[in-house]
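Number of protein chains: 2
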Amino acid sequence: MKVLGLVVEYNPFHNGHLFHLRQSKELVKPDYTVAIMSGNFVQRGEPAVIEKFSRARVALKLGVDLVLELPVVYALQDAGGFATGSIRSLDHAGVTDVVFGSETGDLSLMSEVSKILIEEPDEYRRSLRFHLKEGHSFPNARKYAIRDFIGRRDSDLSFRIEEIGSSNNILGVEYIRAMKEIGSKIRPHAIKRTGAAYTDENHKGEFSSATAIRRLLSKGDLESVKEAVPQESFDAILGEIRTGKGPVFREDTESFFIPYLRLLSRSDYGRYYGFVEGLDARFRECSMSSDMTAFTNCVKTKRFTLSRIRRLMYYPAFGFTGDLIEKSNDLGPQYLRVLAFNEKGREYLSSVKKMVSIPIITTASLWRKVVDQALKRKMEIDVKLLEEQLERDFKASDFYSSLYRSPEWRSRGSEMLSQVIYEKGHF
Amino acid sequence: MKVLGLVVEYNPFHNGHLFHLRQSKELVKPDYTVAIMSGNFVQRGEPAVIEKFSRARVALKLGVDLVLELPVVYALQDAGGFATGSIRSLDHAGVTDVVFGSETGDLSLMSEVSKILIEEPDEYRRSLRFHLKEGHSFPNARKYAIRDFIGRRDSDLSFRIEEIGSSNNILGVEYIRAMKEIGSKIRPHAIKRTGAAYTDENHKGEFSSATAIRRLLSKGDLESVKEAVPQESFDAILGEIRTGKGPVFREDTESFFIPYLRLLSRSDYGRYYGFVEGLDARFRECSMSSDMTAFTNCVKTKRFTLSRIRRLMYYPAFGFTGDLIEKSNDLGPQYLRVLAFNEKGREYLSSVKKMVSIPIITTASLWRKVVDQALKRKMEIDVKLLEEQLERDFKASDFYSSLYRSPEWRSRGSEMLSQVIYEKGHF
Numbered sequence: 001m002k003v004l005g006l007v008v009e010y011n012p013f014h015n016g017h018l019f020h021l022r023q024s025k026e027l028v029k030p031d032y033t034v035a036i037m038s039g040n041f042v043q044r045g046e047p048a049v050i051e052k053f054s055r056a057r058v059a060l061k062l063g064v065d066l067v068l069e070l071p072v073v074y075a076l077q078d079a080g081g082f083a084t085g086s087i088r089s090l091d092h093a094g095v096t097d098v099v100f101g102s103e104t105g106d107l108s109l110m111s112e113v114s115k116i117l118i119e120e121p122d123e124y125r126r127s128l129r130f131h132l133k134e135g136h137s138f139p140n141a142r143k144y145a146i147r148d149f150i151g152r153r154d155s156d157l158s159f160r161i162e163e164i165g166s167s168n169n170i171l172g173v174e175y176i177r178a179m180k181e182i183g184s185k186i187r188p189h190a191i192k193r194t195g196a197a198y199t200d201e202n203h204k205g206e207f208s209s210a211t212a213i214r215r216l217l218s219k220g221d222l223e224s225v226k227e228a229v230p231q232e233s234f235d236a237i238l239g240e241i242r243t244g245k246g247p248v249f250r251e252d253t254e255s256f257f258i259p260y261l262r263l264l265s266r267s268d269y270g271r272y273y274g275f276v277e278g279l280d281a282r283f284r285e286c287s288m289s290s291d292m293t294a295f296t297n298c299v300k301t302k303r304f305t306l307s308r309i310r311r312l313m314y315y316p317a318f319g320f321t322g323d324l325i326e327k328s329n330d331l332g333p334q335y336l337r338v339l340a341f342n343e344k345g346r347e348y349l350s351s352v353k354k355m356v357s358i359p360i361i362t363t364a365s366l367w368r369k370v371v372d373q374a375l376k377r378k379m380e381i382d383v384k385l386l387e388e389q390l391e392r393d394f395k396a397s398d399f400y401s402s403l404y405r406s407p408e409w410r411s412r413g414s415e416m417l418s419q420v421i422y423e424k425g426h427f
Numbered sequence: 001m002k003v004l005g006l007v008v009e010y011n012p013f014h015n016g017h018l019f020h021l022r023q024s025k026e027l028v029k030p031d032y033t034v035a036i037m038s039g040n041f042v043q044r045g046e047p048a049v050i051e052k053f054s055r056a057r058v059a060l061k062l063g064v065d066l067v068l069e070l071p072v073v074y075a076l077q078d079a080g081g082f083a084t085g086s087i088r089s090l091d092h093a094g095v096t097d098v099v100f101g102s103e104t105g106d107l108s109l110m111s112e113v114s115k116i117l118i119e120e121p122d123e124y125r126r127s128l129r130f131h132l133k134e135g136h137s138f139p140n141a142r143k144y145a146i147r148d149f150i151g152r153r154d155s156d157l158s159f160r161i162e163e164i165g166s167s168n169n170i171l172g173v174e175y176i177r178a179m180k181e182i183g184s185k186i187r188p189h190a191i192k193r194t195g196a197a198y199t200d201e202n203h204k205g206e207f208s209s210a211t212a213i214r215r216l217l218s219k220g221d222l223e224s225v226k227e228a229v230p231q232e233s234f235d236a237i238l239g240e241i242r243t244g245k246g247p248v249f250r251e252d253t254e255s256f257f258i259p260y261l262r263l264l265s266r267s268d269y270g271r272y273y274g275f276v277e278g279l280d281a282r283f284r285e286c287s288m289s290s291d292m293t294a295f296t297n298c299v300k301t302k303r304f305t306l307s308r309i310r311r312l313m314y315y316p317a318f319g320f321t322g323d324l325i326e327k328s329n330d331l332g333p334q335y336l337r338v339l340a341f342n343e344k345g346r347e348y349l350s351s352v353k354k355m356v357s358i359p360i361i362t363t364a365s366l367w368r369k370v371v372d373q374a375l376k377r378k379m380e381i382d383v384k385l386l387e388e389q390l391e392r393d394f395k396a397s398d399f400y401s402s403l404y405r406s407p408e409w410r411s412r413g414s415e416m417l418s419q420v421i422y423e424k425g426h427f
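Order-wise, the sequence lines are chains A and B.
Using the UniProt record's numbering, read the first sequence as starting at 1 and increasing by one per residue.
Using the UniProt record's numbering, read the second sequence as starting at 1 and increasing by one per residue.
Treat the hints with caution; some may be incorrect.
Note: identical chains are not told apart, hence a pair may lie in one copy or across any two.
Said to hold, decoys possible - Below, in silico cross-link-like pairs of lysine to aspartate or glutamate (EDC-like), each with a Cα-Cα straight-line distance of 20 Å or less:
#	residue 1	residue 2
1	LYS384	ASP268
2	LYS395	ASP291
3	LYS395	GLU254
4	LYS395	GLU285
5	LYS354	ASP122
6	LYS302	ASP31
7	LYS353	GLU277
8	LYS192	ASP122
9	LYS25	ASP372
10	LYS369	GLU391
11	LYS302	ASP78
Just so you know, these hints were derived from the structure itself, not from any lab.
Turn these sequences into a full structure, and let the hints steer you where they fit.
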């Protein structure tokens, strides 16, 4: 049996996603397709443009059988933490093959690099420290250190190493590292991504990037959005607009964050993950900024990427303590949260349930019952960590719904009232 | 030498305030007049309609010589904590006479009642517990317990005790209690407040209440505001509107509080002062409310007044831990913060400086220097408590300025850039 696993955000689901989904299925020819998807907050450190259940339903309609939610403690982390949470979830879910897009499609190079990340040879670590000291961001410093390390050994690989710096290649390397770390039997596949147009932020047309589409949405240019996304995705977006929920943008969090950041002292930041290298002081100094763009620009240096700063803003708000994130990256997700499934997904879920080693939560409000059953079945879970991870997911969703346009939905958007999506019939 | 002390909010300064100020001066015939004023947040649990320096300047123009800021840890407390902070500040400032408005003007009754509050006789405590158990709010239960207690002793006093329940009488009682508690030599005076119109929220005209005036402001009815406040106050309000700072309303804090409250768990509330009698659970349960009115109505019971709920919302945000508030009420304010003075006020300040037992802070950014000098002069202050109280004031002001209408002022409103107001010349 072949089970295809995909790591996605679908923010929103666009033509490029559909293309990638079909290519992956063609490559693996799976019996089932499972996607692990960021929930209401995405790796760029911002709210998803439409909420998770709506995005999960679109994924079902376009060929995914089962959509799981990546716990927010991973969804709002850098490539490393994001990959750890995603791959371990897919591994728990019994996935046999993972396909990811990359700029190169060069699996052997990625595998080589991931080995360096795991083994961290002394020479590599010295070089990494050197480049960090020069003031480079962590992703860049790492890229240079890898190039230094490989360059001395293999001039051919070294020649191709520049490409490792692109965001999708970094993710690919991290996926492979995460697989190796847990000795996963998942087979990784890299698909070369198509065309420059794909990453052009301002491009309109069939293969606009998610960023470009969100920009069109914020301008209210639904005509152009319609061109760039499958009909099913467009209908979902329209539905969210009509009910007064979406679209939700980074700007909508501003009237929360601007007062909020002024309430935190340097020592408050110290209690949360990632406020290292003076970031606590920079956050504090920049807290009098008048808006979020001013704030992130104020904090930003060559060393800290914008995405990292945006993600970090959520860490105190959502309670991402150092202990929680380190334990999460060490022990992995303590549950699988199901957002949506079709008939095939339901069939697959019931077969998985017999062998899975962490609890599967399908109804948020029943989570305690599920955990009790898991303990009876002697699953080796860290209950405290499970509660902490799950509480962050609930918090994040309740926070997200406070950003809805309609007051009615703001109060009805509680995670405790949410229902898993089960689509019968065929698409 | 006679020094008149007044406890004020001036939110905003209106004709009734001017009337009271003049009456008080006529009564005491002071050499100097000192006001202790709430800063950017007031006892009703909301932001002041215009910021503290602007309100302090108006007070100077209308006859106050020196305006001190009541630390926010007291300004956002119930009548008891509010009075403790205010009276101890005035006592430190060398005030000889305090005049306050009350519905009765019956000082002997207030004094009698304040004695009960301090001594807390067993019979009174039993009665208080009984009325609390019946589900009454603390202010009401206390009123009934006082009535029970006095009724058995003095039927004449008992007859008048009903009046103690009104808010200004409660404050009067608390002022006297606070004086007795520290053995203050301040002489209290009660002035009977004028006319029913004064407290009518919808009344327009010369003696509108502050609440009515804020309502007019929120409707943009500046014509009616002009009738109800002295010209100096009106000019200040106009000035704040023109610079894009004020007016600031409770509603302006909504887009912060609605997402914020969803981030707090029951155990988070437990770390802060006043979340007793199930208020932590109620706050948690009501956190999915769509707006602040819905939230406070959801939390409210016969037992908890709206003002109390509104104040409590600030306790986690501003970090009012149980330890901080209890120590503050026990040891009193650890500094005097000067907002504004005229020539006479400056003269008075320099005479006070020689005998005062807590540091006087006139420039926020120089606070550390002032504290160091105070320690050299062996003042008996609790430096940790001082830092904690002052940090809350700074936090509150930085938070407040994030609510300004103009982005420019939002970023320039830092407490660290603030300047004390010194008005030379005579008014």
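Quick rundown of the hints versus the structure:
1. LYS384 with ASP268: between (23 Å within a copy, 17 Å between copies)
2. LYS395 with ASP291: Between copies, since 18 Å is at most 20 Å while 24 Å is not.
3. LYS395 with GLU254: both (18 Å within a copy, 18 Å between copies)
4. LYS395 with GLU285: Between copies only: 13 Å across, 27 Å inside.
5. LYS354 with ASP122: neither (43 Å within a copy, 65 Å between copies)
6. LYS302 with ASP31: Answer is neither: 46 Å inside a copy and 61 Å across each miss the 20 Å cutoff.
7. LYS353 with GLU277: neither (44 Å within a copy, 43 Å between copies)
8. LYS192 with ASP122: Result: close neither inside a copy nor across copies, 32 Å intra and 82 Å inter.
9. LYS25 with ASP372: neither (37 Å within a copy, 71 Å between copies)
10. LYS369 with GLU391: The answer is within: 15 Å in one copy meets 20 Å, while 44 Å across copies does not.
11. LYS302 with ASP78: This pair counts as within: shortest intra-copy Cα distance 17 Å, inter-copy 49 Å.
Going through the hint list in order, the structure does not satisfy hints 5, 6, 7, 8 and 9.
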